[in-house]
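Undergrad: Fit chain B to the known structure of chain V by using the hints.
Here's the letter readout for the chains.
2 protein chains.
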Amino acid sequence: MTYCAGVLVGGGLVMIADTRTNAGLDDISTYRKLHLFQREDHACLALSTAGNLSVSQTVVSLLQEGLENPETGEIETLLSAPSMFKAAQLIGKAIRRVRTVDGPGLKEAEIRFDVSFLFGGQIKGGPMRLYMIYSAGNFIECSHDAPFLQVGEHKYGKPILDRAVSHGTDLYDALKIALISMDSTMRSNLSVGLPIDIAVIRRDTLVPELVHRIEIGEPYFHDLRERWSTALRAAHMAIPSPPYGRPARSGSRNGL
Amino acid sequence: MTYCAGVLVGGGLVMIADTRTNAGLDDISTYRKLHLFQREDHACLALSTAGNLSVSQTVVSLLQEGLENPETGEIETLLSAPSMFKAAQLIGKAIRRVRTVDGPGLKEAEIRFDVSFLFGGQIKGGPMRLYMIYSAGNFIECSHDAPFLQVGEHKYGKPILDRAVSHGTDLYDALKIALISMDSTMRSNLSVGLPIDIAVIRRDTLVPELVHRIEIGEPYFHDLRERWSTALRAAHMAIPSPPYGRPARSGSRNGL
Numbered sequence: 001m002t003y004c005a006g007v008l009v010g011g012g013l014v015m016i017a018d019t020r021t022n023a024g025l026d027d028i029s030t031y032r033k034l035h036l037f038q039r040e041d042h043a044c045l046a047l048s049t050a051g052n053l054s055v056s057q058t059v060v061s062l063l064q065e066g067l068e069n070p071e072t073g074e075i076e077t078l079l080s081a082p083s084m085f086k087a088a089q090l091i092g093k094a095i096r097r098v099r100t101v102d103g104p105g106l107k108e109a110e111i112r113f114d115v116s117f118l119f120g121g122q123i124k125g126g127p128m129r130l131y132m133i134y135s136a137g138n139f140i141e142c143s144h145d146a147p148f149l150q151v152g153e154h155k156y157g158k159p160i161l162d163r164a165v166s167h168g169t170d171l172y173d174a175l176k177i178a179l180i181s182m183d184s185t186m187r188s189n190l191s192v193g194l195p196i197d198i199a200v201i202r203r204d205t206l207v208p209e210l211v212h213r214i215e216i217g218e219p220y221f222h223d224l225r226e227r228w229s230t231a232l233r234a235a236h237m238a239i240p241s242p243p244y245g246r247p248a249r250s251g252s253r254n255g256l
Numbered sequence: 257m258t259y260c261a262g263v264l265v266g267g268g269l270v271m272i273a274d275t276r277t278n279a280g281l282d283d284i285s286t287y288r289k290l291h292l293f294q295r296e297d298h299a300c301l302a303l304s305t306a307g308n309l310s311v312s313q314t315v316v317s318l319l320q321e322g323l324e325n326p327e328t329g330e331i332e333t334l335l336s337a338p339s340m341f342k343a344a345q346l347i348g349k350a351i352r353r354v355r356t357v358d359g360p361g362l363k364e365a366e367i368r369f370d371v372s373f374l375f376g377g378q379i380k381g382g383p384m385r386l387y388m389i390y391s392a393g394n395f396i397e398c399s400h401d402a403p404f405l406q407v408g409e410h411k412y413g414k415p416i417l418d419r420a421v422s423h424g425t426d427l428y429d430a431l432k433i434a435l436i437s438m439d440s441t442m443r444s445n446l447s448v449g450l451p452i453d454i455a456v457i458r459r460d461t462l463v464p465e466l467v468h469r470i471e472i473g474e475p476y477f478h479d480l481r482e483r484w485s486t487a488l489r490a491a492h493m494a495i496p497s498p499p500y501g502r503p504a505r506s507g508s509r510n511g512l
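Line by line, the protein sequences give chains V and B. According to this note's numbering, the first sequence is numbered sequentially starting from 1. According to this note's numbering, the second sequence is numbered sequentially starting from 257.
Same shape as in the complex, but just chain V (with noise of 0.2 Å):
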């Protein structure tokens, strides 16, 4: 399983996924799930990958070594793409590329062609973007009023984000709150297991301000997980007991 979520604030953009993967229970490994693709003062670009691992593959190097466009005859590469939506259209081609390539051998497999991609960054000249391209190879963006987008195993990660997370959100903050969502999915799912890949790129530099692998007993993320522990802990002691029905006051027990 794996579960990858992305960030867009006022202050750029943060990408964070978990790099386990699994072929049966029984079969484990560790595989980067996040790529980047720079091209110094002209793109900088977060790609994370959740589903079949050898249809995301593929995808990510067609995307690096590029698709002939059939009506120019021109090579395509995610880095020459002109825009952020261009970008996602040529990831959107990459999938159906290798749909018509392995789909059929998976079918006959009963292998389900099964991939998700968060998509986002900035091109010279463009604005910051992110956007979710499905295996279909369609793509929805991310708004501004809920700014962040998740593919994999979203749901145990998911509430942290819907509450915290705001357009006006500072850049760490974000990655702070990236983290915890994290943190509640690994937790929930054992599937989703460290390391840790995270990558920051603030708006309208065009270069990643971070790259980061957080690996298994690093402090920071270790003492984030505490806190949020027991901060939770406090936090649900802190609220009153329900008001009904309790045995001390049954007189208001309430009936059938």
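These are computed hints drawn from the structure, not numbers from a lab. Do not take every clue at face value.
[Claimed, not checked] Partner residues are not named here, just some residues of chain B that face chain V (Cβ under 7 Å, in silico): (1) Y428; (2) I436; (3) R443; (4) S444; (5) Y476; (6) R483; (7) S485; (8) L488; (9) I495.
[Stated by the list, open to error] Derived list of chain V stretches under chain B, where covered just means 3 residues or more per stretch with a C-beta under 8 Å from a C-beta of chain B: (10) 157-163; (11) 178-189.
[To be verified] What follows is a list of derived Cβ distance ranges for each label pair: (12) B/D283 - V/G126: 39 to 47 Å; (13) B/A365 - V/G217: 51 to 59 Å; (14) V/Y134 - B/E364: 25 to 33 Å; (15) V/E215 - B/A365: 46 to 54 Å; (16) B/T461 - V/I216: 45 to 53 Å.
Yeah, the Cβ is synthetic: ideal placement off N, Cα and C, and Gly gets one too.
TA: Below, chain B alone, put in the same frame as chain V:
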């Protein structure tokens, strides 16, 4: 969509269920999904349902009216079961009975036979138990280590249960945590909604100590939601910022 949870702690059992049903997004109704079966001094049972409403209602009706045992000819109802285990088996039998009758027609209409139940309570002379029963009629029991079970839209509300509930949790703290779990689910999935039904059965009493419906605008639940939001905000703000690659200390910036 539906969210139901059951928590079995030392003090007893908490059951919670929302009431929203939808046949498509534009056809939303309120239905009770938490049902109590009680015979004084003999048994106090709670059954909550998720999935296809016609199936779950038919199963509940069968359990009330009784199923004929083909071997003995006796009519068996949920309240005539001699043990919680036997009662859970009877629920499984009722599900399979409904599948035999309604399954083919549903299949023809391409509607999944999708139903699941939480079943908890106590029958005189036996221990208090909590089961989850699947659409095939098989079931699992909750464990001492993870003393809760969920059906329906369960992922959003699982992190708080994972962290906060243990067998030693006070009965009304368990209710409070179940309400927080419901709140997290309602925030992230609009198709789970108020009113909420709750039931509390104290161990070895064989009567429901609390049966209550939380309606829209109820002050305690509204206050719980506000306090939880505020506490979560405070909790993540109290966690130190990530030490990685802050621009202020760009000397330590991480490379690709």
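Undergrad: Against each hint, give a clear statement of whether it holds in the structure.
TA: Hints and how they fare:
1. Y428: 5 Å, holds
2. I436: 6 Å, holds
3. R443: It holds, given that the least Cβ distance between B/R443 and chain V is near 6 Å, below 7 Å.
4. S444: Holds. Min distance 5 Å.
5. Y476: 5 Å, holds
6. R483: 5 Å, holds
7. S485: Holds, because the Cβ-Cβ distance from B/S485 to chain V comes to roughly 6 Å (cut-off 7 Å).
8. L488: The hint holds - B/L488 has a Cβ within 7 Å of chain V, the shortest such distance being about 6 Å.
9. I495: Holds, because the Cβ-Cβ distance from B/I495 to chain V comes to roughly 5 Å (cut-off 7 Å).
10. 157-163: With 5 residues in contact (Cβ-Cβ under 8 Å with chain B), the coverage given for the segment 157-163 of chain V holds.
11. 178-189: Check passed, 5 qualifying residues.
12. B/D283 - V/G126: 39 to 47 Å: Once the Cβ atoms are compared, 43 Å apart, the range 39 to 47 Å for V/G126 and B/D283 holds.
13. B/A365 - V/G217: 51 to 59 Å: The hinted range 51 to 59 Å holds for B/A365 and V/G217, with Cβ atoms some 54 Å apart.
14. V/Y134 - B/E364: 25 to 33 Å: 30 Å, holds
15. V/E215 - B/A365: 46 to 54 Å: 52 Å, holds
16. B/T461 - V/I216: 45 to 53 Å: 47 Å, holds
In this structure, every one of the numbered hints holds.
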